[in-house]
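Generate coordinates for the entire structure from the input sequences, incorporating the hints supplied.
Protein chains in written order, with the working numbering: chain A, 2 to 256; chain B, 506 to 551.
Hints are computed from structural coordinates only; laboratory data are not their basis. C-beta atoms are modelled at their ideal positions from N, C-alpha and C, and glycine is treated no differently. Fair warning: there could be bad hints in the mix.
[Claimed, not checked] Subject to a maximum C-alpha distance of 20 Å in a straight line, what follows is the list of computed EDC-like cross-link-like pairs (lysine to aspartate or glutamate): (1) A:K27 with B:E550; (2) A:K27 with B:E515; (3) B:K518 with B:D549; (4) A:K27 with B:D549.
[Claimed, not checked] Covered stretches of chain A (in silico footprint by chain B; criterion: 3 or more residues with CB under 8 Å from a CB of chain B, positions within the stretch not fixed): (5) 31–38; (6) 43–56; (7) 60–69.
[Said to hold, decoys possible] With beta-carbon atoms standing in for the labels, derived distance ranges: (8) B:Q511 with A:H60: 17 to 27 Å; (9) A:K214 with B:R543: 32 to 42 Å; (10) B:R543 with A:E213: 34 to 44 Å; (11) B:M506 with A:L193: 47 to 57 Å; (12) B:Q511 with A:K214: 27 to 37 Å; (13) A:E131 with B:Q511: 29 to 39 Å; (14) A:T76 with B:L551: 34 to 44 Å; (15) A:P44 with B:T535: 16 to 26 Å; (16) A:T52 with B:P529: 17 to 27 Å; (17) A:E115 with B:Q511: 38 to 48 Å.
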Amino acid sequence: MPRLTHTGLSDEMCGERQGAHTEDRKLMKIGVHVSSYTWPGGPQRLAQDLTRIAQAAEHNGFDKLSLMDHLWQITHNGPPEHEMLEAYTTLGYLAARTARIQLLALVTAAIYREPGLLAKAVTTLDVLSEGRAWLGIGAGSSEQEARGLGLTFPAAGQRFERLEEALQICLQMWSDNDGPYAGKHYRLARTLNSPQPLTRPHPPILIGGGGEKKTLRLVAQYAQFMPTATRSAATTTTSPRPSAARLTPDPAGSM
Amino acid sequence: MNALIQRMRELAKLGITHYLGPVPNIASITPLNLLGQRVIPAVDEL
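Rendered as structure tokens:
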């Protein structure tokens, strides 16, 4: 099985983006996370509302705009019947309506898309946004929506195995190696990915989750960023140094 | 707003480099404008 690591990438990318945005050396970058689409204008105005939000965020100096990768609204934010948009379709739409703000799913459930297709989606977002895509990815945690829509939702151990293989496949597809990939769960005959992302060596990778046994190892091995929940923000991201910060989780927080 | 800026200072000292969070009543745009006028410039100066 191919074993890809971030050798030569992570140390350079910790805390700073390589590529199109290296001119920005701010100590702290602030992004906005959209976790609900239930707004007064309803579905008929969703496209206009999203455009206004994204353009206002960009105009006001926000560095990133992230969306959830859920199929139904999650319990914390509302009932499952509330509006939810597919993440990568929405990010592609926003890429066309903005010019500078970075875009990501916070976070993609690795099990929802075959990894080859996920790598193509993030690559496409990066190319069409001219280098503004991140890969935010996690093992997946919303069993109800997955089972409701007929998506696979294996046990936690297997979800983490699939997450790691998805990371390996994305990194292989973002490298010069277009050879086969043979993992326990995924087998790809040829990992050809053309065009390659504009962000080199690849879009920054953020791995969601806070588990010390599995997630921290995956972050150290494959990613540049990990989220840390705080009392006043649903998510902050930091470099993959386990000693950087351990703050009290409180997903209810917001800006 | 001041509390949020102070929180950013604390997080920056801990090595946190990015901050992502939901914004209440985001569809009204007003909160985004307030954050852009008061918080982001202050954080840029950290």
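**Request:** Tell me, in ascending order, the numbers of any earlier hints that this structure violates.
**Result:** none
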